[in-house]
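Build the complex from these two chains, which are given one at a time in their own frames, with help from the hints.
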Amino acid sequence: EPEVTQTPSHQVTQMGQEVILRCVPISNHLYFYWYRQILGQKVEFLVSFYNNEISEKSEIFDDQFSVERPDGSNFTLKIRSTKLEDSAMYFCASRRPGGETQYFGPGTRLLVL
Amino acid sequence: GQSLEQPSEVTAVEGAIVQINCTYQTSGFYGLSWYQQHDGGAPTFLSYNALDGLEETGRFSSFLSRSDSYGYLLLQELQMKDSASYFCALNRGGKLIFGQGTELSVKP
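Protein chains in written order, with this note's numbering: chain X, 1 to 113; chain G, 1001 to 1108.
FYI, nobody ran anything at the bench for these hints, they're computed from the structure. Take the hints with a grain of salt, since some may be wrong.
To be verified - Straight line, CA to CA, 35 Å or less: simulated DSBU-like cross-link-like pairs of lysine-lysine: (1) Lys1107/G with Lys42/X; (2) Lys83/X with Lys42/X; (3) Lys78/X with Lys42/X; (4) Lys1107/G with Lys1081/G; (5) Lys42/X with Lys57/X; (6) Lys1081/G with Lys42/X.
Stated by the list, open to error - Only part of the chain G face toward chain X is listed, based on derived beta-carbon distances under 8 Å: (7) Gly1041; (8) Ala1042; (9) Pro1043; (10) Phe1045; (11) Tyr1048; (12) Ala1050; (13) Gly1053; (14) Phe1087; (15) Asn1091; (16) Gly1094; (17) Lys1095; (18) Phe1098; (19) Gly1099; (20) Gly1101; (21) Thr1102.
Each residue gets a CB set at the ideal place from its N, CA and C atoms; glycine is no exception.
Extracted from the complex, chain G is given alone in its bound form (with noise of 0.2 Å):
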């Protein structure tokens, strides 16, 4: 089977940087995927890591080591609206499989 480990939770102040980590067991897998949810709402796509190595979009970057079996979100010049759960996805032919979550709280 598979299975994704990330902390509960995090909590960091307003601009500073932040790194959720992601740590997996598979027997394959064509990617890392990186979803926000604010409130049980819709898991909105962030980023995406086919390959090892870094992928910025914007404040936000993802990496990806397959010998590690590791994967991070990177959250930089954090905001308040940051604040939500941020879910790690596997990509298994097409079905995504998920962990638990991590919620961010973003202080002032």
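Okay, chain X solo, but in the shape it has when bound (with noise of 0.2 Å):
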């Protein structure tokens, strides 16, 4: 069965330093998003993307972010500049067109210190 997959399962970072998170959505979706869960709260949406642009975004979602997707596979979230309060868990996940479940990928934990 597809799945959404993302590299890399940790990292670890300095303030103020940048990372790029990885994410290979399902093959035939065409809507992307990235959520982030900091520990022991609740999932939080952060984007959606959508034909090469940005569709929606949260109040989280400043201008130290950023999405991309480079290629016909890889959907990246760029952080320019990490802080301490960005340290969380971050899911990617996916949906095809005319579908209403969005299928996540197993996250990618960063830890700014």
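What follows is the structure in structure tokens.
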């Protein structure tokens, strides 16, 4: 069964450094999402992406964040200058056209020191 | 804005039936989804209600009442592996707005 994959599974970085989190959505899906989950809290929407542009973004998704689909398979989230409060699990999700279900990847656990 | 309320934790015994409630406030939504999450792993889709009523998928069923701003997830024949967090989520034009989650503990 096809699944969303994410790399790396864990990332440790210093405050102020740039990180890029990578996702490979399910191949016939066209809608892509990033969510984050701070430890012990709920999953929060960050951004949705369709047709090579952002469809919607949350208040969390400020100028330090960007997303890109650099080729036909990858979907990336970049944090330009990480802050301590960016420490969280970041989930990528994808959805097929006409479908209601979002399929989540296993996540990248980001720790900012 | 939108908000969802779920009980923070529920305990049940193996083989029993448990219901996890979700009440919400929103100006509009397409449907209510339910996801399962084990120990911070990937949220896994369980069920979706676009319309009022009951949706059944194996041991799991979900219900939605738009007039009452209320939904629930029903888990039957509980198994130890069902111990996990369960989230209701509003589908708002593609993005999901999650509740705080309910931690279900299944005891032998």
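Results for each hint:
1. Lys1107/G with Lys42/X: holds, 24 Å
2. Lys83/X with Lys42/X: Distance ~20 Å between lysine 83/X and lysine 42/X Cα, so the pair holds.
3. Lys78/X with Lys42/X: Measuring from Cα to Cα gives roughly 22 Å; hence the hint holds.
4. Lys1107/G with Lys1081/G: holds, 10 Å
5. Lys42/X with Lys57/X: Measuring from Cα to Cα gives roughly 17 Å; hence the hint holds.
6. Lys1081/G with Lys42/X: holds, 21 Å
7. Gly1041: With a closest approach of 7 Å, the glycine 1041/G hint holds.
8. Ala1042: holds, 4 Å
9. Pro1043: It holds, given that the least Cβ distance between proline 1043/G and chain X is near 5 Å, below 8 Å.
10. Phe1045: holds, 5 Å
11. Tyr1048: Holds, because the Cβ-Cβ distance from tyrosine 1048/G to chain X comes to roughly 5 Å (cut-off 8 Å).
12. Ala1050: holds, 7 Å
13. Gly1053: violated, 16 Å
14. Phe1087: With a closest approach of 7 Å, the phenylalanine 1087/G hint holds.
15. Asn1091: Where the cut-off is 8 Å and the nearest Cβ of chain X is about 6 Å from asparagine 1091/G, the hint holds.
16. Gly1094: Check passed: Cβ of glycine 1094/G comes within 5 Å of chain X, closer than 8 Å.
17. Lys1095: Holds: closest Cβ of chain X sits about 5 Å from lysine 1095/G, inside 8 Å.
18. Phe1098: Constraint on phenylalanine 1098/G satisfied, holds at 4 Å.
19. Gly1099: holds, 6 Å
20. Gly1101: holds, 6 Å
21. Thr1102: violated, 11 Å
Violated hints for the displayed structure, listed by number in ascending order: 13, 21.
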